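Starting from the given sequences, assemble the full structure and let the hints guide the process.
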Amino acid sequence: MSLLLFVDNPVGTGFSYVNRSNAYAKDLATVASDMMVLLKTFFDRHKEFQTIPFYIFSESYGGKMAAGIALELHKAIQQGTIQCNFAGVALGDSWISPLDSVVSWGPYLYSMSLLDDQGLAEVSQVAEQVLDAINKGLYREATDLWGKAEMVVEQNTDGVNFYNILTKSSPMSAVESSLEFTQSHLVRLFQRHVRHLQQNALSQLMNGPIRKKLKIIPEDCFWGGQATNVFLNMEGDFMKPVISIVDELLEAGVNVTVYNGQLDLIVDTMGQEAWLRKLKWAELPKFNQLRWKPLYSDPKSSETSAFVKSYKNLAFYWILRAGHMVPSDQGDMALKMLRLVTQQEEGGGQATNVFLNMEGDFMKPVISIVDELLEAGVNVTVYNGQLDLIVDTMGQEAWLRKLKWAELPKFNQLR
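All residue numbers for the sequence shown refer to full-length UniProt numbering, where the first residue is 1 and numbers rise by one.
Worth flagging that the hints you see were computed from the coordinates, not collected in a lab. It is possible that part of the hints are untrue.
[Claimed, not checked] Think about it this way: if two alpha-carbon atoms lie no more than 30 Å apart in a straight line, the pair counts; the simulated DSSO-like pairs of lysine-lysine are: (1) LYS300 x LYS278; (2) LYS364 x LYS309; (3) LYS75 x LYS47; (4) LYS75 x LYS212; (5) LYS404 x LYS364; (6) LYS168 x LYS286; (7) LYS278 x LYS293; (8) LYS75 x LYS293; (9) LYS26 x LYS148; (10) LYS212 x LYS40; (11) LYS75 x LYS40.
Since we're looking at a predicted model, the values are computed, not measured.
Okay, here's the thing in structure tokens:
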């Protein structure tokens with residue numbers, strides 16, 4: 001059984017709201033700081049959760065935020081300001097390195113027969129402009145160019161869906177299409193990546209039954225009502241990478257899981273693999289030397305659902321036949337992955353990491369502990385299988401003879 005804590009973050013998303021325009025977060029540092037206030041309050045008020053393993057899962061830009069939040073939480077725990085059994089963070093199709101994502105769009109689409117040579121050249125050209133802006137530290141300009149790059153992709157792919165390349169974006173009406181050219185790239189980015197989530201069924205669910213069920217939402221507050229302001233205020237932070245934060249998490253021993261959908265474009269797997277290669281984590285060479293293992297969502301099926309590679313506190317899942325929204329595209333595999341990550345199921349999750357982290361302890365004897373138990377009067381029973389080799393009976397008898405227990409001579413005289 002798992003307990004879930006859903007958080008609308010940054011402030012202004014979902015049902016969360018602000019009363020002052022300057023209260024919106026403008027960067028990841030503020031987003032993480034706000035979350036620390038919530039988590040400290042939560043764990044202080046609900047001490048029963050302090051010892052339960054706590055995992056952070058988030059996707060897309062939320063994955064970028066999750067990395068920053070995870071690092072701040074780890075620091076708070078080390079400083080003793082938050083009491084929490086932090087067990088790890090999972091970054092799904094996450095905007096960790098925007099540049100690596102944008103630069104890989106062209107080659108990825110070309111390999112999937114969604115760009116011809118001319119289209120590849122045009123997409124690569126605007127990606128170079130994004131690269132130049134980021135190298136100069138012009139992050140607002142890079143955000144604007146990111147929007148331009150998406151337009152170039154759409155024009156050359158007949159409207160490929162950035163969230164699943166096997167589908168097309170919803171066609172715009174003639175009026176919407178004409179308005180597209182009069183809007184800033186930032187507004188178009190908001191409409192493509194946020195506004196579509198607030199339409200139809202999801203919005204009706206959240207502003208209908210869920211709102212009524214919660215019973216605490218102010219009358220003038222609606223789900224997603226301040227999303228536009230949240231998006232616009234984060235403009236200067238969108239294209240900043242957080243690879244260094246992932247590095248810090250790994251060096252600190254925090255369990256980090258990265259997963260990505262095979263059919264995602266906005267955060268394609270090629271881009272994820274690119275930033276992963278840039279990590280300075282000391283154990284990365286050993287991670288890279290490993291071969292991935294296939295995973296099956298249905299144990300009765302031979303159809304591969306994913307691949308996984310895991311070493312110490314880093315794991316990467318390649319989720320097949322899924323786009324940007326892995327849980328909705330491949331729910332069974334997403335659930336299996338969640339169980340592996342949270343160690344509710346073996347077979348490629350953190351079990352390998354547990355084994356590797358115990359490396360320095362494997363060969364240490366505990367004969368003295370058995371001695372202490374016997375001297376304390378604790379009943380100790382030792383049993384061994386005749387045909388066991390790894391822990392054979394001769395070896396068991398050997399350490400038994402090394403006991404310093406005062407009664408051992410009498411034990412040895414018995415038949």
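Here is how each hint holds up against the structure:
no.: 1; hint: LYS300 x LYS278; verdict: violated, 38 Å
no.: 2; hint: LYS364 x LYS309; verdict: holds, 29 Å
no.: 3; hint: LYS75 x LYS47; verdict: holds, 19 Å
no.: 4; hint: LYS75 x LYS212; verdict: violated, 38 Å
no.: 5; hint: LYS404 x LYS364; verdict: holds, 18 Å
no.: 6; hint: LYS168 x LYS286; verdict: violated, 40 Å
no.: 7; hint: LYS278 x LYS293; verdict: holds, 23 Å
no.: 8; hint: LYS75 x LYS293; verdict: violated, 33 Å
no.: 9; hint: LYS26 x LYS148; verdict: holds, 22 Å
no.: 10; hint: LYS212 x LYS40; verdict: holds, 28 Å
no.: 11; hint: LYS75 x LYS40; verdict: holds, 12 Å
Hint check: violations occur at hints 1, 4, 6 and 8; the rest are consistent with the structure.
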